[in-house]
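Visitor: Sequence:
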Amino acid sequence: MPELPEVETTKRGIAPHLLHQTVSSVVIRQRQLRWPITPEMMTELPGQILRSVDRRGKYLILAASKNEASGIDTGKNYLLIHLGMSGSLRLVPVDSPAGKHDHVDITMTTGIALRYTDPRRFGCMLWFAGDPLLHPLLRALGPEPLSDAFAPDYLRVQAAGRKVPVKSFIMDSKVVVGVGNIYANEALFMAGIDPRRAAGRISAQRYALLTERIKEVLAGAILMGGTTLRDFTGATGQPGYFKQSLAVYGRGGHPCLRCGTNLREIRITQRSTVFCPGCQS
DNA sequence: ATGCGGACCTGTTAGC
DNA sequence: TGCTAACAGGTCCGCA
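Just so we're aligned: 279 in the working numbering is position 256 of the first sequence, and the numbers increase by one with no gaps anywhere.
None of these hints come from the bench; they were simulated from the model. Since we're looking at a predicted model, the values are computed, not measured. A portion of the hints provided could be inaccurate.
Listed below are the simulated EDC-like cross-link pairs for lysine to aspartate or glutamate, each with C-alpha atoms no more than 20 Å apart in a straight line [claimed, not checked]:
no. : residue 1 : residue 2
1   : Lys89     : Asp154
2   : Lys186    : Asp171
3   : Lys186    : Asp176
4   : Lys123    : Asp171
5   : Lys99     : Asp125
6   : Lys89     : Asp125
7   : Lys186    : Glu167
8   : Lys238    : Asp171
9   : Lys89     : Glu67
10  : Lys238    : Asp176
11  : Lys186    : Asp154
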């Protein structure tokens with residue numbers, strides 16, 4: 024379900040209802056996610072105040088700390104959340120009936136609960152202390168695609184000598200975060216690059232264009248509120264509206280919207296890959 | 001270091 | 001209509 028725009032949309036949706044709020048209770052119905060949820064989250068988080076909601080790649084980072092009357096900084100704890108393939112976070116009224124895959128509720132004293140749902144359980148919810156950016160899952164991540172660090176010459180430099188298909192290359196979170204299967208397909212189409220081409224054999228000029236297209240497609244999707252595939256919904260349950268503007272993803276065998284050639288669908292490292300043999304080389 | 005394939009888990013859809 | 005197999009938005013890990 025979630026690629027970067029969906030995660031960003033989720034973040035924007037939930038943040039206003041969480042910031043500066045005190046957690047009143049945590050209910051864990053299923054702790055076996057990608058990694059088990061530690062019971063400490065349930066015992067330590069209630070009573071703490073949520074201080075920030077951030078995103079790094081497709082990870083959401085919630086910071087929490089106690090409200091110390093003494094003024095002594097007791098340090099922050101962090102909740103690292105990934106939505107995996109099928110996860111979502113929504114805001115629901117306290118005591119809303121929980122469905123089969125509603126694994127966690129974090130309820131605020133306002134009566135609003137942050138509900139984590141994830142049928143496939145590929146996501147995670149990790150409770151820890153210490154600098155979140157040094158966390159093993161975040162430490163080695165590449166730059167944010169919408170930041171200036173993702174510069175026109177960045178991909179060319181990183182790709183030197185690499186033989187993987189360019190599609191796998193831009194989906195590698197150590198290279199750049201947040202480019203999932205849908206947007207990798209779309210950005211390569213927009214840049215006119217064959218997804219099978221070896222990463223190390225693409226010109227600086229084409230990489231500059233690809234970089235621009237990646238930024239464009241992600242920023243556009245964020246503006247649209249995320250892609251709707253199957254059942255993606257934002258924090259309050261509203262659907263995203265980006266699907267209608269996908270040019271290649273999910274359109275294998277159909278005519279290219281630009282040149283009319285039938286789009287080809289292949290697999291690159293187990294992932295569905297759609298491209299136009301006429302427009303992409 | 002790089003690249004590949006398997007692993008995690010459930011739900012939906014395509015095909016017989 | 002029913003059964004089975006393939007596939008789905010992610011990414012970590014172990015092995016060659």
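Visitor: Are the hints correct? Go through all of them and say.
Guide: Status of each hint after checking the structure:
As the CA atoms of Lys89 and Asp154 are separated by approximately 17 Å, the hinted pair is consistent with the 20 Å bound. At roughly 26 Å between alpha-carbon atoms, Lys186 and Asp171 are farther apart than 20 Å, so this suggested pair is violated. About 18 Å separates the Cα atoms of Lys186 and Asp176, which keeps this hinted pair within 20 Å; it holds. Proposed proximity of Lys123 and Asp171 is contradicted: the alpha carbons are some 42 Å apart, above 20 Å.
Of the pairs offered as hints, the one joining Lys99 and Asp125 is violated, with about 27 Å between alpha carbons and a cut-off of 20 Å exceeded. At roughly 27 Å between alpha-carbon atoms, Lys89 and Asp125 are farther apart than 20 Å, so this suggested pair is violated. Under the criterion of a C-alpha separation no larger than 20 Å, the hint pairing Lys186 with Glu167 is inconsistent with the structure, at around 23 Å. A distance of roughly 10 Å separates the Cα atoms of Lys238 and Asp171; the hinted pair therefore holds under the 20 Å criterion.
A threshold of 20 Å between alpha carbons decides the hint, and for Lys89 with Glu67 the separation of about 10 Å falls inside it, so the pair holds. Between Lys238 and Asp176 the alpha-carbon distance is near 14 Å, which keeps this suggested pair within the 20 Å criterion. Between Lys186 and Asp154 the alpha-carbon distance is near 34 Å, which puts this suggested pair outside the 20 Å criterion.
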